[in-house]
Amino acid sequence: MIPSSFSYQRAGSIEEALSLASEHGDDAKFLAGGHSLLPLMKLRLAAPEVIIDLGGLHDLSYVNDEGPYVAIGALTRHHDVEHSEVLARQVPLLAYAAGQVGDPQIRHRGTIGGSVVHADPASDLPAVLLALDATLIARGAGGTREIPIGEFFQGLFETVLEPDELLTEIRVPKPASGAWSFQKFTQRAIDWAIVGCAVQDGHVALVNMGGTPLRAAAVEAALAGGASQADAAAHAAEGTSAADDIRATRAYREHLARVLVARALAEASSRS
Amino acid sequence: MKVDLTVNGKNITADVEDRTLLVHFLRDVADLTATNNGSDTTSCGACTVLLDGESVKSCTVLAAQASGHEITTLEGLATNGEMHPVQRAFHTEHGLQCGFCTPGMVMAIVSLLKENPRPTEEQVRTGLEGNLCRCTGYHNIVRAALVAADAEKVTS
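Just so you know, the protein sequences line up as chains A and B, in that order.
Each residue of the first sequence is one higher than the one before, starting from 115 at the first, in our numbering.
Each residue of the second sequence is one higher than the one before, starting from 99 at the first, in our numbering.
Keep in mind the hints are simulated off the structure, nothing from the lab.
All residues carry an ideal CB built from backbone N, CA and C; glycine is no exception.
Be a bit skeptical, because a hint or two may be false.
Claimed, not checked - With the C-beta cut set under 10 Å, the calculated list includes, among others, these residues of chain B facing chain A:
no., residue
1, Asp129
2, Thr131
3, Thr139
4, Cys157
5, Thr158
Using the sequences and the hints, build the whole thing.
Encoded structure:
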């Protein structure tokens, strides 16, 4: 399978990437590691006319301890998130979950920023960052803005970013405790999660239970109200809108959400 | 567009369509056909090559993205007619049946052993999650990886 024709442009700097994006508008797409976008282009589900390759922007690949939070460059690969000593110490949920994305080859190319802006509700890291209450830093012609991750996802593959805005950094506040867990259920390693669940302290986020990654608000409310973990997990499917597809029915996903949330809550509390 | 890659130590410059995938560049332009295009969906790993020393699936990388970088394919592993320890281990441990997945398996294992020279069996199995063998000959492939890890320890 071969993508439809496009013009390939390699950005040498953030400024050049932004100016190419302003020039081409909706016709252009940024390419980071390419492990979400290229498969869609090969299937002709996406056909941008211009590809702006960010692969040369090495200064957007970093993990820095900034005191109250950890700053992660948008082009940091899953492999580097997985093996970051700073994250292993400060945000082990994120380091662990990055190591569960796809397979080693995918983790050598795919980036955390690419995964977030692609906004696939079946991807692992958007939900993990939702559980971690991350803040996203975006740069555009008009300057830089901070976007709380809870306001970032608008729908399937849709975010609040403008076509000429670039996600540059993800800021993850250091969690209050070591109570974390990441659970996902797949048929093969390289598949998207049928359902996944990330827990950090009292926050519970779900993978693939609706058009966007979701916080399991009913579970969180039950926990905050003093419910047992088992009772709280029973609320996992409330407020969700999981799809029926070739891999699973909606009812199956709802059942899986309850099971995985229960496991995640138990594992998180065993760690704290 | 013009791309400029180093493949198995040799510089290759070519004029290709912007949308050319690395796997097609290797097979059709560089004429290196060990790298197989299997699932063509980032699933099977038959097209695995090393990009700057790390395993990647060449069906999901543009030749343009690899321009300026170093690629190693199965053909680039042997030195002076001596098979690489991973290739040797596939031979001694009968690590292949039909052979289609083998180039990708070998390259994935070379990358895995570079990152983790002494993997446990479980680490080999999770390290090969991105590679499918439709003959289902996984046991011998995993054994070959472990034997190669031992051999590399002896020779290094």
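Where does the structure disagree with the numbered hints, that is, which hint numbers, in rising order?
Result: hints 1, 2 break, sorted rising.
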